[in-house]
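Numbering (numbering that gives the first Met the number 0), first residue to last: 0 to 557.
In short, the hints are calculated from the structure, not lab data.
Don't take each hint at face value.
[To be verified] Cβ pair distances, simulated, as ranges:
| id | residue 1 | residue 2 | range |
| --- | --- | --- | --- |
| 1 | 115 | 64 | 33 to 41 Å |
| 2 | 157 | 99 | 46 to 54 Å |
| 3 | 36 | 137 | 49 to 57 Å |
| 4 | 272 | 122 | 32 to 40 Å |
| 5 | 394 | 303 | 48 to 56 Å |
| 6 | 446 | 394 | 43 to 51 Å |
| 7 | 115 | 20 | 33 to 41 Å |
Backbone N, C-alpha and C define an ideal beta-carbon position, used for all residues, glycine too.
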Amino acid sequence: MRRAILLSLIILLSLPMTSATEISSNEDYDSTGTLSGDYTVASGNTWTISGDYDVAKDTAIVIEEGAVMEVTGNLDVLSVRYLEMETIANVSVPIEPSIRGLPGTLSVNFELPKVYPMTIEIEGEEFDFGVPGNNGTKFDWNGDLDNETIIVNITNYPFDYFPKISNITLLADDPAVDPVILGAEDLSGPGTTLVTLTQTWNIDVQGTLIVSGMIVGAAIDCSGTCTLSGADMQSTGPIRVTGAISVTNSNLAGGITDEDVIIYDDATIEWVDSTGTGGQTDQWVNILTTRTIGVQNSTHVCLVGSGFGYQGFHSASGCDLDGDGIIDLDLSERGRMVRWQDSSGITYVESANLSVAIGAIWGPYWHNVSNLPRVNHYDVNIELPMLSFDSLVISDTENEINSRLGVMATISNSGPVRATNVNIDCFSNGEVANIGLMGITHTIEAGETIEIPMNWDSPTEGEFPLECSIFIPPEFEGIQVSSKESIVSEKVTWTEESEDAESMMLPIIIGVVAASVLFFVVMGLKSKGMKESEMEKDTSEDEHDFDQTLDENQGTIE
């Protein structure tokens, strides 16, 4: 038991000790020292840093809403520093008196092995480094260390992202002279910035942060208000802003990423007469945390778009697969970048285009958006037909089975676009009704009302109505395209043919047959009489001719 207690004490004592400090009144740190642990500036209070302080790793400062932290002095870090170089850098190397005037070696030690070519010029001599046979993390120059300062001029490969120098060593040829190591903080010159590789402490600004002094190596999240006026911010980029930030007459250098300030969504920034890290690092960018398009609630609605994000290089496509009326553009962070100001101070704005469409037998429908609004969510409404089954009028309320009954259907389209290939489905007595429209479709223009004549018959006796509805294509599931989709007619009494009617059929048939026979008999007799009359006429004419001949041949006896 004692051993367990002793072991627990050892573990507790070995844990790092952290302190929590609450600034619950107006305080001014105007001396020097080290800040370490957690600090909270309580609402209603102001914490002023007018002295020079080093900040230990993992120190966290929270500025509550309604609280103020003002930095007029310096907040530096205890971590290792590096000298970051732009494409062209002129590094001033001070030569200490202990080694000045002696021949020796000046060694430039880089943070990472150089795999991109660079040119190094010292005292009029020019060398290629970062090339096969002459690369690595160390470049040596042999010569006389005569001057108080030696300028190392370095021209970096344009796409080598901010190469860094760890330190420079000076080694005399005389082994009796101690070598000199110059850290990054001992070096300076145009095209150089003193940086840390990581941000080692943080400030959470829920209230107000005002900086006119220097802050080094802090990760700053600004959901409140940040004001940088005459500030020197080193290795603080990117400052992440969800509230508001103003940058005036300030210098932001040594950004950890490609931007000095990131503003998210509808956060605001004002940048006046200030400089950033430079090179490929933008002064600020505006990134949307999410980007979605609202559409009509259908899994058949899809979209395509182009020109999104940084330099308009990104595209998007997708469908409402979940049927929730929302399509996520699924863009990367750079694809959600809608505004940015480059290192030269030129501001750019995204100009993306979007087309949202739905395909159905009524026709393809779409909506195009040019210069899509740069917001988290934007609703797009595709114009669609709006059909209404206005009336269904029958020509009679009684009819015999298997006999056609005239019906007139009236359908209107109050929508802004036409509907083609419109079908009508009808039922009667629980069965599909025969209305004589199989395979026939209709086109209804925007604002048009049409009448559709139908012929309804029923093979079943009974009293029931005709129930008709507009066939809604499945692509419109979840979307309202009909204000009145179905309608029911008056009831119709369907009966079989009556027995009286059947008993009358035989006399009618007999009468028809008799009349037909009589007609043919009369016509036959009439035809025969006409033939006999013709024959008699012909005979009389022959006799007359014969008598005439006799008279002509007969003479007179005297």
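Is 48 to 56 Å respected by the C-beta to C-beta distance linking residue 394 and residue 303?
51 Å, holds
Verify the CB-CB distance for residue 36 and residue 137 against the hinted window 49 to 57 Å.
39 Å, violated
Is 33 to 41 Å respected by the C-beta to C-beta distance linking residue 115 and residue 20?
Violated - the Cβ-Cβ distance for residue 115 and residue 20, about 46 Å, lies outside 33 to 41 Å.
Range agreement (Cβ of residue 122 with Cβ of residue 272, hint 32 to 40 Å):
38 Å, holds
Beta-carbon spacing of residue 115 to residue 64 - inside the hinted bounds 33 to 41 Å or not
47 Å, violated
Residue 446 versus residue 394 beta-carbon gap, inside 43 to 51 Å or not
28 Å, violated
Residue 157 versus residue 99 beta-carbon gap, inside 46 to 54 Å or not:
36 Å, violated
Hints 1, 2, 3, 6, 7, counting from the list given before, are not met by this structure.
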